[in-house]
Amino acid sequence: MRAVSIACLVAAALVSGAPRLMAETVRLRYLTSVYFDQKEAGLKHPEGVACDSRGRVVVADTGNARLLFFGFQDGKLSGGSEVRLPQLPAPSRVHVTSKGELYVLDGRQRRIVRLGPQGEFASALAFDGVPPPGTIVPKSFAIDAADNVYVLDAFSARVLVLNAQGQFQKALVLPADMGFGADVTVDAAGTVFVMDSIRRRLFSAGREAAAFSQLGGDLTGSVATMPAYLTASKGMLFVAEGSGSSILIFGRDGSFLSRQLAAGSEEGALNYPSQMCINDKDEMFIADRDNSRIQVFRLVR
Amino acid sequence: MGTRLTIACVSLVVLLGLPAAARGQQNPYRLKDTDQKKTCLACHADFDEKLKKRFVHTPVRSGECAGCHDPHVSSHAKLLSGSLRAVCAGCHGSVVPENAKSAHKVVADGECQRCHDPHASDNRAILLAAGDALCFGCHKELGQAITQARFKHSPVQQGCLTCHGPHGSDASDHLLKSGVPAVCVTCHRPDTPAFQSRHMNYPVGKANCTSCHDPHGSNQPALMLNSVHAPVASRTCNVCHDAPTSATPFATKQAGFELCRGCHGEMVTATMAKARLHWPVADQRGCVSCHSPHAAKYDKLLDATGTNLCGRCHADTVRRIAATPVGHKPVVEGACTACHSPHGAAGTYLVDQPSLIAACATCHDYQQHSAHPIGDEAVDPRNKNLRIDCLSCHKAHGTEFKWMLLNATTKELCTKCHTRFAR
Numbered sequence: 001m002r003a004v005s006i007a008c009l010v011a012a013a014l015v016s017g018a019p020r021l022m023a024e025t026v027r028l029r030y031l032t033s034v035y036f037d038q039k040e041a042g043l044k045h046p047e048g049v050a051c052d053s054r055g056r057v058v059v060a061d062t063g064n065a066r067l068l069f070f071g072f073q074d075g076k077l078s079g080g081s082e083v084r085l086p087q088l089p090a091p092s093r094v095h096v097t098s099k100g101e102l103y104v105l106d107g108r109q110r111r112i113v114r115l116g117p118q119g120e121f122a123s124a125l126a127f128d129g130v131p132p133p134g135t136i137v138p139k140s141f142a143i144d145a146a147d148n149v150y151v152l153d154a155f156s157a158r159v160l161v162l163n164a165q166g167q168f169q170k171a172l173v174l175p176a177d178m179g180f181g182a183d184v185t186v187d188a189a190g191t192v193f194v195m196d197s198i199r200r201r202l203f204s205a206g207r208e209a210a211a212f213s214q215l216g217g218d219l220t221g222s223v224a225t226m227p228a229y230l231t232a233s234k235g236m237l238f239v240a241e242g243s244g245s246s247i248l249i250f251g252r253d254g255s256f257l258s259r260q261l262a263a264g265s266e267e268g269a270l271n272y273p274s275q276m277c278i279n280d281k282d283e284m285f286i287a288d289r290d291n292s293r294i295q296v297f298r299l300v301r
Numbered sequence: 302m303g304t305r306l307t308i309a310c311v312s313l314v315v316l317l318g319l320p321a322a323a324r325g326q327q328n329p330y331r332l333k334d335t336d337q338k339k340t341c342l343a344c345h346a347d348f349d350e351k352l353k354k355r356f357v358h359t360p361v362r363s364g365e366c367a368g369c370h371d372p373h374v375s376s377h378a379k380l381l382s383g384s385l386r387a388v389c390a391g392c393h394g395s396v397v398p399e400n401a402k403s404a405h406k407v408v409a410d411g412e413c414q415r416c417h418d419p420h421a422s423d424n425r426a427i428l429l430a431a432g433d434a435l436c437f438g439c440h441k442e443l444g445q446a447i448t449q450a451r452f453k454h455s456p457v458q459q460g461c462l463t464c465h466g467p468h469g470s471d472a473s474d475h476l477l478k479s480g481v482p483a484v485c486v487t488c489h490r491p492d493t494p495a496f497q498s499r500h501m502n503y504p505v506g507k508a509n510c511t512s513c514h515d516p517h518g519s520n521q522p523a524l525m526l527n528s529v530h531a532p533v534a535s536r537t538c539n540v541c542h543d544a545p546t547s548a549t550p551f552a553t554k555q556a557g558f559e560l561c562r563g564c565h566g567e568m569v570t571a572t573m574a575k576a577r578l579h580w581p582v583a584d585q586r587g588c589v590s591c592h593s594p595h596a597a598k599y600d601k602l603l604d605a606t607g608t609n610l611c612g613r614c615h616a617d618t619v620r621r622i623a624a625t626p627v628g629h630k631p632v633v634e635g636a637c638t639a640c641h642s643p644h645g646a647a648g649t650y651l652v653d654q655p656s657l658i659a660a661c662a663t664c665h666d667y668q669q670h671s672a673h674p675i676g677d678e679a680v681d682p683r684n685k686n687l688r689i690d691c692l693s694c695h696k697a698h699g700t701e702f703k704w705m706l707l708n709a710t711t712k713e714l715c716t717k718c719h720t721r722f723a724r
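Protein chains in written order, with my numbering: chain A, 1 to 301; chain B, 302 to 724.
Worth flagging that the hints you see were computed from the coordinates, not collected in a lab. Check each hint, because a few of them may be wrong.
[What the hints assert, rightly or not] Okay, the calculated beta carbon distance ranges per label pair:
#	chain 1	residue 1	chain 2	residue 2	range
1	A	E120	B	K507	56 to 62 Å
2	A	A209	B	A616	27 to 33 Å
3	B	A548	A	A176	20 to 26 Å
4	B	N502	A	N163	47 to 53 Å
5	B	R355	A	D177	47 to 53 Å
6	A	G179	B	K441	29 to 35 Å
[Said to hold, decoys possible] Derived list of chain A stretches under chain B, where covered just means 3 residues or more per stretch with a C-beta under 8 Å from a C-beta of chain B:
#	segment
7	43–57
8	133–139
9	221–227
10	275–287
[Unchecked claim] When the alpha-carbon atoms are kept at most 16 Å apart in a straight line, the in silico EDC-like pairs for lysine to aspartate or glutamate are as follows:
#	chain 1	residue 1	chain 2	residue 2
11	A	K281	A	E40
12	B	K696	A	D290
13	B	K717	B	D677
14	A	K44	B	D681
15	B	K338	B	E365
16	B	K685	A	E40
17	B	K339	B	E350
18	A	K44	B	D677
19	A	K234	A	D280
20	B	K685	A	E266
21	A	K99	A	E120
22	B	K351	B	D423
23	A	K234	A	D282
24	B	K685	A	E267
25	A	K76	A	D282
26	A	K44	B	D690
27	B	K717	A	E40
28	A	K99	A	D52
29	B	K685	A	D37
30	B	K379	B	E412
31	B	K717	A	E267
32	A	K44	A	D290
33	B	K685	A	D290
34	B	K402	B	D471
35	A	K76	A	E120
We put the beta carbon where it would ideally sit given N, CA and C, even for glycine.
Full structure from sequences and hints, please.
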């Protein structure tokens, strides 16, 4: 009888604790860092990094006003060819489409530029058909699996959804009590997430949703400093704390899972982490802005 | 028969016991002398003077010292039978209205003794001081401003309690007995021709009067706040707003910074050309995130200054700074803009200087400070992409160590880079 009771308790603990245990075991294991391009010129305050399933890694080397192209294989970064474009004096965020094209947000001109796979200039995102106001100030953007572009427009506090041809699809207005919409991301299912950096909250809108709804509660207890960057991947949300120099991991429901990494200049530590990218091999690339490098980690469950 | 006898016995016991219980309540500590006050005053003789005061707290007057104090032992100061908040709330639990929109901080913190003497006073409501003098004991700056104001507001001269409640308000913020403009329009009738003419026929009777006027007094005519936006001063409200006769008279002609660009075009263009924006400039509210569009208490139409302003968004930074033992002087003084550009900048952290060293050099002369190499030629041995600068050793907002160093000892700090000397 006692043995049966113990067995029941153990089974109950396993059943109730299993998903939580799985979520809690996600951590970042350091793999490597890249400091230089192929000519041994150093990176300077890189704010953006993008990756794809073909092993391509594109770095927005913001302080040097250029893009760098690397390959990542077997835990090593190689290459580092440079592209400089007059249309990109301050590249700050970068995303790769399913066709290998690049979208880059320029911090100085505050516009999004579309480039060919080799970094050749194609066009600037025109926002065709977007309803007024005419002024658009992109704070951030994301791209989904179908190459739709989600632009977080600071000026009108909305997320503008454009298709792969750049035509307006819909606008998702940010909640009225939003402190400040700092970043937008979209997951594989097409759910859009935005982060309120001042009131420390996460919001989501499903693929067909017309409005955002809050995920979980106030994150103040788990977010120590102003969160700046957001990425959705593997059923989780990754938040980069700027001055806190940590990566926070949340469940898709907004529940806090863990805090990873810490401030420092040694490898594996961060100093103002910026854009993050996670590929299909659970490899995570982080633009470690104030350490002027890109760091690579493996998501370990 | 047996039941009746039992009931009778029980009733007798209860009846006999009632006076004893009542006696117990009156003398819970079974004092030899049942007069509690007399027993306490036998030692606390200085209370005699207190009891001669004009207003005496009811439990003190009735000698119920044990109503608030535990005569034997307590975990609270002054042998109080509970926290001050709990003791006072025992009788005065409803001083802050339910669903209050604002509560006086001292009340919310349970610090009743900051205004009231718990025993006796010569002032009504056993207040520590009479009239506004009590309020100005804490609100010193406001008291000074009211006294020095060239143009006085008559209700203020009658006393703070004309408009404010002392404990809390269920009607408005700032402890106001009724909100703005309700409290204002009781005297200033918006339907009079003179009122309408002064406000350029805009229907301000339902607007926020304090966005232009200082209700406590001002050095400006019409109690305008100290710093007045030029279109308001020139009464050209329609530069920014729709016509007063339109369906939306308070709507602005454009949104966000685009409205301000009309007059402040040069500044807006220069800001937008910076590599890094202070994002409130470009968001939906735009310039009014920090600046008041009509009039403000502070220069540059700011409705708050320093950390009070920046802390609205950067509360965590302000909290950390407050907890930092060794702070950077401008940071401690709340002069955030001494280093950070409030609109936009070329550099990270909104530092609008070619480098962090250049930013520090605006106040500090490095040549008189240290011979340690810094700058473009001084490569950080820990990371070849970094250069040694002021923040290699110091933290800009402060640390717990002297000179705002990153480490407690020089050895600890230096051996971060000079590893061969580490032991």
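Hint check results:
1. In this structure, E120(A) and K507(B) meet the distance hint of 56 to 62 Å, their C-beta atoms being roughly 58 Å apart.
2. Our hint of 27 to 33 Å for A209(A) and A616(B) holds, since their Cβ atoms are close to 31 Å apart.
3. About 22 Å separates the C-beta atoms of A548(B) and A176(A), a value consistent with the hinted range of 20 to 26 Å.
4. In this structure, N502(B) and N163(A) meet the distance hint of 47 to 53 Å, their C-beta atoms being roughly 48 Å apart.
5. Separated by about 50 Å at the C-beta atoms, R355(B) and D177(A) satisfy the suggested range of 47 to 53 Å.
6. The beta-carbon spacing between G179(A) and K441(B), approximately 32 Å, falls within the hinted interval of 29 to 35 Å.
7. For the segment 43–57 of chain A, the assignment as covered by chain B holds, since 3 residues bring a beta-carbon within under 8 Å of that chain's beta-carbons and 3 suffice.
8. Counting residues of the segment 133–139 of chain A whose CB lies closer than 8 Å to any CB of chain B gives 4, which reaches the minimum of 3, so the coverage claim holds.
9. Counting residues of the segment 221–227 of chain A whose C-beta sits closer than 8 Å to any C-beta of chain B gives 3, which meets the bar of three, so the coverage hint holds.
10. Only when three residues or more bring their CB closer than 8 Å to a CB of chain B does the claim for the segment 275–287 of chain A stand; here the count is 0, and the claim is violated.
11. For the given pair, K281(A) sits about 28 Å from E40(A) by alpha-carbon distance, which is inconsistent with the 16 Å threshold.
12. A C-alpha spacing of about 14 Å is found between K696(B) and D290(A), which places the hinted pair at or below 16 Å, so the restraint holds.
13. Of the supplied pair hints, the one linking K717(B) and D677(B) is violated, its CA atoms being roughly 20 Å apart against a limit of 16 Å.
14. A distance of roughly 14 Å separates the Cα atoms of K44(A) and D681(B); the hinted pair therefore holds under the 16 Å criterion.
15. In summary, the hint linking K338(B) to E365(B) is supported, as the alpha carbons are separated by about 7 Å, within the 16 Å threshold.
16. With a C-alpha separation of about 11 Å, the suggested pairing of K685(B) with E40(A) holds against the 16 Å cut-off.
17. Proximity of K339(B) to E350(B) is assessed by CA-CA distance (about 14 Å); at most 16 Å being required, the pair is judged to hold.
18. Annotation: proposed proximity of K44(A) to D677(B) holds, straight-line Cα distance about 13 Å (limit 16 Å).
19. With a C-alpha separation of about 9 Å, the suggested pairing of K234(A) with D280(A) holds against the 16 Å cut-off.
20. Among the hinted pairs, K685(B) with E266(A) is consistent with the structure: their alpha-carbon atoms are about 12 Å apart, no more than 16 Å.
21. Note on K99(A) and E120(A): the hinted pairing holds, with a Cα-Cα distance of about 14 Å set against a maximum of 16 Å.
22. Between K351(B) and D423(B) the CA atoms are separated by roughly 9 Å; this keeps the pair inside 16 Å, and the hint holds.
23. About 8 Å separates the Cα atoms of K234(A) and D282(A), which keeps this hinted pair within 16 Å; it holds.
24. Among the hinted pairs, K685(B) with E267(A) is consistent with the structure: their alpha-carbon atoms are about 13 Å apart, no more than 16 Å.
25. Between K76(A) and D282(A) the CA atoms are separated by roughly 14 Å; this keeps the pair inside 16 Å, and the hint holds.
26. Straight-line distance between C-alpha atoms of K44(A) and D690(B) comes to about 15 Å, which keeps the hinted pair within the 16 Å bound.
27. Under the criterion of a C-alpha separation no larger than 16 Å, the hint pairing K717(B) with E40(A) is inconsistent with the structure, at around 25 Å.
28. The hinted pair formed by K99(A) and D52(A) meets the criterion: a straight-line CA distance of about 10 Å does not exceed 16 Å.
29. A distance of roughly 13 Å separates the Cα atoms of K685(B) and D37(A); the hinted pair therefore holds under the 16 Å criterion.
30. For the suggested pair K379(B) and E412(B), the alpha carbons sit about 14 Å apart, so the restraint of at most 16 Å is met.
31. A hinted pair counts as satisfied when its Cα atoms are at most 16 Å apart, and K717(B) with E267(A) qualifies at roughly 14 Å.
32. In summary, the hint linking K44(A) to D290(A) is supported, as the alpha carbons are separated by about 8 Å, within the 16 Å threshold.
33. Between K685(B) and D290(A) the CA atoms are separated by roughly 12 Å; this keeps the pair inside 16 Å, and the hint holds.
34. At most 16 Å may separate the alpha-carbon atoms for a hinted pair to count; K402(B) and D471(B) meet this at roughly 5 Å.
35. Between K76(A) and E120(A) the CA atoms are separated by roughly 26 Å; this puts the pair beyond 16 Å, and the hint is violated.
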